[in-house]
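Undergrad: For reference, the chains in residue letters:
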Amino acid sequence: MKNLLSAADLDRDEALAILDTASQMHAIQTREVKKLPPLRGRTIVNLFFEDSTRTRSSFEIAGKWLSADVINVSAKGSSVSKGESLRDTALTVAAMGVDALVVRHHASGAVQQLADWVDCHVVNAGDGTHEHPTQALLDAYTLRGKLGDLADRHIVIVGDITHSRVARSNVLLLNTLGARVTLVAPPTLMPSAVGTWPCTTSWDLDATLSGKEHGDVDAVMMLRVQRERMSGGYFPSEREYAIGYGLSPKRLELLAESAPVLHPGPMNRGLEISSAAADGLRSVVLDQVQAGVAVRMAVLYRLLSGAPEEAVAV
Amino acid sequence: MTSHARTPAAQSGVATVLEAADVARIVDRMAHQIIENVAGSAAKSPGFDVVFLGIPTRGVPLARRLAERIAVFEGVTIPVGSLDITMYRDDLRLRGVRPLGETVEPEGGITGKTVILVDDVCYSGRSTRAALDAVADLGRPRAVQLAVLVDRGHRELPIRADYVGKNIPTSPSQTVRVNLAEVDGVDGVTVLDKDGA
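The listed protein sequences correspond, in order, to chains A and B. End of the first sequence sits at 314 in this note's numbering; the numbers just go up one at a time, nothing left out. End of the second sequence sits at 1197 in this note's numbering; the numbers just go up one at a time, nothing left out.
These are computed hints drawn from the structure, not numbers from a lab. Be careful, since some hints might not be right.
Derived CB-CB ranges, DEER-like [to be verified]:
| # | chain 1 | residue 1 | chain 2 | residue 2 | range |
| --- | --- | --- | --- | --- | --- |
| 1 | B | Glu1102 | A | Glu228 | 50 to 58 Å |
| 2 | A | Glu240 | B | Glu1102 | 28 to 36 Å |
| 3 | B | Pro1158 | A | Lys34 | 29 to 37 Å |
Simulated coverage check for chain A against chain B, where a stretch passes if three residues somewhere in it have a Cβ under 8 Å from a Cβ of chain B [said to hold, decoys possible]:
| # | region |
| --- | --- |
| 4 | 26-35 |
| 5 | 75-87 |
| 6 | 115-122 |
Just so we're clear, the structure is a prediction, and the values are computed from it rather than from any experiment. Here a beta-carbon is modelled for each residue, glycine too, at the ideal position from N, C-alpha and C.
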């Protein structure tokens, strides 16, 4: 595997290989010396054209714990703010001899485009409303930790599907891993092409969570309402959204005791998720953050540690 | 070292060097040697601790067997852990990406203990070098020793095993294959000629 641009790049074997590798990487977080040598001498650049806290810092930690040299370049304070094009920026950074670019961009498809221009490995750390494959991997890792094998498990993803790269990557990856996915959103926040996705959909959160609509629910993932991507008019008011689609304490009781509640963060408490759900026993929000480093270590290890693909004649 | 493709044994160029009974007897003898050397004093003077670190895949069941036999002979319980050395190998970039084995710290950790690394075959010594690096990241043992079921020679580094089950002279063109019931369903050691394998 040269690049990780989409969750669809991963077949079942590769996805499981990353998740298994991640569980070995996870163990290092409790060690005194949090350092492993496989990427010694490799250079990774985090190229972030959009703000991020957890994704960028977890990629940085992941690279450093694998002994790679990691450099952060963000749009603010770089030549990008002087008007340099995406292509020129990418080629400039790549020309310094980096081994991998971890790229986040506000435009859907920008990372795929960039990967065609450079020779080094490229990891998609989120492109617009398109994909965020490492988030899907860490969600799957967290779910596997709670539920075991995900085959035939029923995962419900709730919220702003239209603007969510997390939802798309999760649907693709969970489907690859054999799970069933139901997307729940108000009609205005459900993408029009959702019929082509490998999942079922619903507009009724209560009916879905209680299992009346698509069968018993094994886990629920709440998505952030992305105010910054909305040009308004998707729902009448925040209060109305919270009533229809927020994970309230009452809705929480529709779930089985064992059903984990996920949220990719940052959370809008009181909007898509209540504090009772965010801090409750079912919440695995902090497990997700912890899994983020392990999963990104696994991805960097799988992409960068071996011989270049063309050199491995099978 | 033993990562060459495993092929069915019923073919020419395959010599069985050790049968299941031989393996059991050798493990018993190694257990006695370890007791004489270090573990015996663990019972007498508390604080002088020994732990086993098996190197996956076959070093781990081998370490467990040694610990079991020592428990039977001496009544001493020696903690067993496993130490994956994949990320410490010096040939990581010569082949495609490798899956990782499991690293489990033995109960009580390794700092201040005598660590006995356990592997199935000692060959170039490169796995052992990798294991020494991996041990250093896990803690600071009082001493590190090496126990191997088979020493096949051809060392490429200044490394020597402290406990050797069986010295098997081989040529570099051969493959030594250790089978253990826990992994392979049956105990035994065979030597394969590479062109016959």
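Undergrad: For each hint, tell me whether it holds in the structure or not.
TA: Hints versus structure:
1. B/Glu1102 / A/Glu228: 50 to 58 Å: violated (43 Å)
2. A/Glu240 / B/Glu1102: 28 to 36 Å: violated (50 Å)
3. B/Pro1158 / A/Lys34: 29 to 37 Å: holds (30 Å)
4. 26-35: Coverage by chain B holds here, the residue count being 5 at a Cβ distance below 8 Å.
5. 75-87: violated (count 0)
6. 115-122: violated (count 0)
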